[in-house]
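Note that the protein sequences, when read in sequence, are chains A and B.
The numbering used here puts the first residue of the first sequence at 1, with every later residue one more than the last.
The numbering used here puts the first residue of the second sequence at 548, with every later residue one more than the last.
Keep in mind the hints are simulated off the structure, nothing from the lab.
You may find that some hints are simply not true.
[Claimed, not checked] Subject to a maximum C-alpha distance of 20 Å in a straight line, what follows is the list of computed EDC-like cross-link-like pairs (lysine to aspartate or glutamate):
no.	chain 1	residue 1	chain 2	residue 2
1	B	Lys670	A	Asp156
2	B	Lys580	A	Glu131
3	A	Lys137	B	Asp578
4	B	Lys592	A	Glu131
5	A	Lys85	B	Glu615
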Amino acid sequence: MDDHNSVTLKFEARLAQVASELYDLAYIQVDANLSIVRVSPNLLSVLGNTDQVAAGIRLTDALDEFFGSEQTLRSILHNELPSFKIENINRARPDGSLHYLTFHVLPLDPDQTGSALLVVVEDVTRFGLTEQNLLQKRNELSILQGALSSANAELDRRVEQRTAELVEAKQKIELQLFRLQALRENDHAILGTTDLRVALRAIAEQAKSQLSVDLMSILVFNPPLLTLETVVALGAQSLDLQTARVNLGESMIGRAALDRRTLSFPDLTESIAIPQDDPWAQIENLQACYSVPLIAKGNIVGVLFLGHRSWLRPNQEWLDFLESLAGQAAMAIESIRAFEDLQRSNYELALAYNRTIEGWSRALDLRDRETKSHTSRVTETTMMLVRMAGMTEKEIMHVKHGALLHDIGKVGIPDSILLREDKLTDDQWEIMRRHPVYAYEMLFPIEYLRPALDIPYCHHERWDGSGYPRGLKGEEIPLAARIFAVVDVWDALSSDRPYRQGWPAEKVYEYIRSQSGTHFDPQAVDLFLRVITGETPASDPKINNLP
Amino acid sequence: MTIIQKKICLLGEFGVGKTSLIQRFVEGRFDDKYLSTVGVKISRKILKRSYGEMNMLVWDLAGSNGIESSASTYMQGTTGALIVCDLTRRDTLITCENYARQVRTMNPAVKLVFAGNKVDMTKERLVSVPDMLAMLSVFGETTFFLTSAKTGEQVEEAFIDLAEKIDVEK
Numbered sequence: 001m002d003d004h005n006s007v008t009l010k011f012e013a014r015l016a017q018v019a020s021e022l023y024d025l026a027y028i029q030v031d032a033n034l035s036i037v038r039v040s041p042n043l044l045s046v047l048g049n050t051d052q053v054a055a056g057i058r059l060t061d062a063l064d065e066f067f068g069s070e071q072t073l074r075s076i077l078h079n080e081l082p083s084f085k086i087e088n089i090n091r092a093r094p095d096g097s098l099h100y101l102t103f104h105v106l107p108l109d110p111d112q113t114g115s116a117l118l119v120v121v122e123d124v125t126r127f128g129l130t131e132q133n134l135l136q137k138r139n140e141l142s143i144l145q146g147a148l149s150s151a152n153a154e155l156d157r158r159v160e161q162r163t164a165e166l167v168e169a170k171q172k173i174e175l176q177l178f179r180l181q182a183l184r185e186n187d188h189a190i191l192g193t194t195d196l197r198v199a200l201r202a203i204a205e206q207a208k209s210q211l212s213v214d215l216m217s218i219l220v221f222n223p224p225l226l227t228l229e230t231v232v233a234l235g236a237q238s239l240d241l242q243t244a245r246v247n248l249g250e251s252m253i254g255r256a257a258l259d260r261r262t263l264s265f266p267d268l269t270e271s272i273a274i275p276q277d278d279p280w281a282q283i284e285n286l287q288a289c290y291s292v293p294l295i296a297k298g299n300i301v302g303v304l305f306l307g308h309r310s311w312l313r314p315n316q317e318w319l320d321f322l323e324s325l326a327g328q329a330a331m332a333i334e335s336i337r338a339f340e341d342l343q344r345s346n347y348e349l350a351l352a353y354n355r356t357i358e359g360w361s362r363a364l365d366l367r368d369r370e371t372k373s374h375t376s377r378v379t380e381t382t383m384m385l386v387r388m389a390g391m392t393e394k395e396i397m398h399v400k401h402g403a404l405l406h407d408i409g410k411v412g413i414p415d416s417i418l419l420r421e422d423k424l425t426d427d428q429w430e431i432m433r434r435h436p437v438y439a440y441e442m443l444f445p446i447e448y449l450r451p452a453l454d455i456p457y458c459h460h461e462r463w464d465g466s467g468y469p470r471g472l473k474g475e476e477i478p479l480a481a482r483i484f485a486v487v488d489v490w491d492a493l494s495s496d497r498p499y500r501q502g503w504p505a506e507k508v509y510e511y512i513r514s515q516s517g518t519h520f521d522p523q524a525v526d527l528f529l530r531v532i533t534g535e536t537p538a539s540d541p542k543i544n545n546l547p
Numbered sequence: 548m549t550i551i552q553k554k555i556c557l558l559g560e561f562g563v564g565k566t567s568l569i570q571r572f573v574e575g576r577f578d579d580k581y582l583s584t585v586g587v588k589i590s591r592k593i594l595k596r597s598y599g600e601m602n603m604l605v606w607d608l609a610g611s612n613g614i615e616s617s618a619s620t621y622m623q624g625t626t627g628a629l630i631v632c633d634l635t636r637r638d639t640l641i642t643c644e645n646y647a648r649q650v651r652t653m654n655p656a657v658k659l660v661f662a663g664n665k666v667d668m669t670k671e672r673l674v675s676v677p678d679m680l681a682m683l684s685v686f687g688e689t690t691f692f693l694t695s696a697k698t699g700e701q702v703e704e705a706f707i708d709l710a711e712k713i714d715v716e717k
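Construct all of the structure, not just a fragment, from the sequences and the given hints.
In structure tokens, the structure reads:
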């Protein structure tokens, strides 16, 4: 080795020592074949003492970092690239601690193409750790932000979902309210009418509207004929269906009634359980139909039939509402039929009462040897007058009963007094005058006849208070009795009796006029004369204002 | 016996678990502590192959939104890449797509394998299989691995699959 080379080597060694001490640098010299020619003494220390890097070994075999970079290294060797750098290589020292290296590759002599490469190895652990620390914080923050963002998105999604659920729930509640309102209106319709057709029509209208179907029909069961008869058919295009009569067990309507179960066909095209030629489906061109039996107190009372001209996909609420409507329809049929039966019974009872009363009345006439038809005449005339006086039909009915039974109390009078042709003694009169009280005692316990007591109890009272049995005066005497008193005297005087001829009409009227204000109520007299004779009232022009 | 050496890279957004996957694959262990990677760390795993052995150099690149220019030198000589997303972070799926597109642009011959990591975190999972398939369809791929560095599920399978793809081109 000459002096010059010796100086050069010393210089290089010193340079490497200084670089290592001051800058943590090491170097590798590589020849044109990419084989290591020489390394700085501190190289293994900088690398971390983990590699076998020595002269004669190919760089790419010695350091994994250069595997795959042969082409790039050659490019630098031939000055095609100025340099090449691999930054921040993470390496573990034998003690397990982490350190960072950066490899710089550059031509050893830029003026000598293809001669050699210099690989500078720099320990950048100080910067690497700082960068790692910063990056760690940034990444953790970023991950947290991402998590927060995801949580927010999830929260938004849940809020949106919850909002949608609330909107759906609100719509459901509104629908249920509408349907409850519909059921309530049906209740009102049922309670507000005794006409079955009106009640069922109201139910059918609500059902058709709320269930959104094309056809709604209600048929009522006729047990003697074993048929179901249409009462209402809304949306039916065929007139036949509006008046249809279905035999029990026939078609889906008759089958629902016979089997006592709902027949559901939400899509007739998919149904094999029902004949496609069912007349109801065919005539109305229905795609869906439901036939619901109406059952009240265990008895079939009808069928609710609905149809739609496209398929239906009903939910449970829809089906529940249909069931409720069917229940209402059954209840309407049952209650209105019960009412009709009750009304018929009442009529029959009232008729029986009337016939009984008329029978009693005829019996009384016979016993009293009263002029033929006296009772019926005074009854008819009194009814005419009280009607003119403004009484209601119900009040007139009671007047009629009272007039027919006006002398019923006489059944308590012994025949020896009642049929005596001579004048009665004072004692006998005393007994005779008890007959209105007897009438009261007989009729008062009979609730049906209690309102009819006015005439039997009071028709012998006088306007001036001189009558019997209680000596009532003026308007203390019931109006019916005041009017009847006039009519009774008029008929008695006008009729022939065994002991005298009937008075002429004018004489009777004169007598009645003469008794106005004493025996008779003047207004009742005026009413009588105006109605019977047509004369203008003398005592009171406001005769029509009788109470 | 034939021994070949191949360089592969793990790519994906930070925190998806690339370092943990390599640790599981190379060292067979898992550390729950998250330590961000700066630069690159190279590991080595020798795989038995039908022809002999593959000396697989696994480059663990710092995670980002894509391959940064300063990191492009790391990709030199790479024959395969395992692109990883985090199944609990939807945005990492988009980053996967960026990486795959960049790798294909740089070198169409690079073999790609996709993995959705952290499959064990079922409650936190936000990326579905259809999401993965939709992303893969962009690259004409239909398979991927649902991995867990924590449990080891499908980790080896993903690396072996990449090795097999590289073998075909050997």
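Hint numbers not upheld by this structure, sorted from lowest to highest: 4
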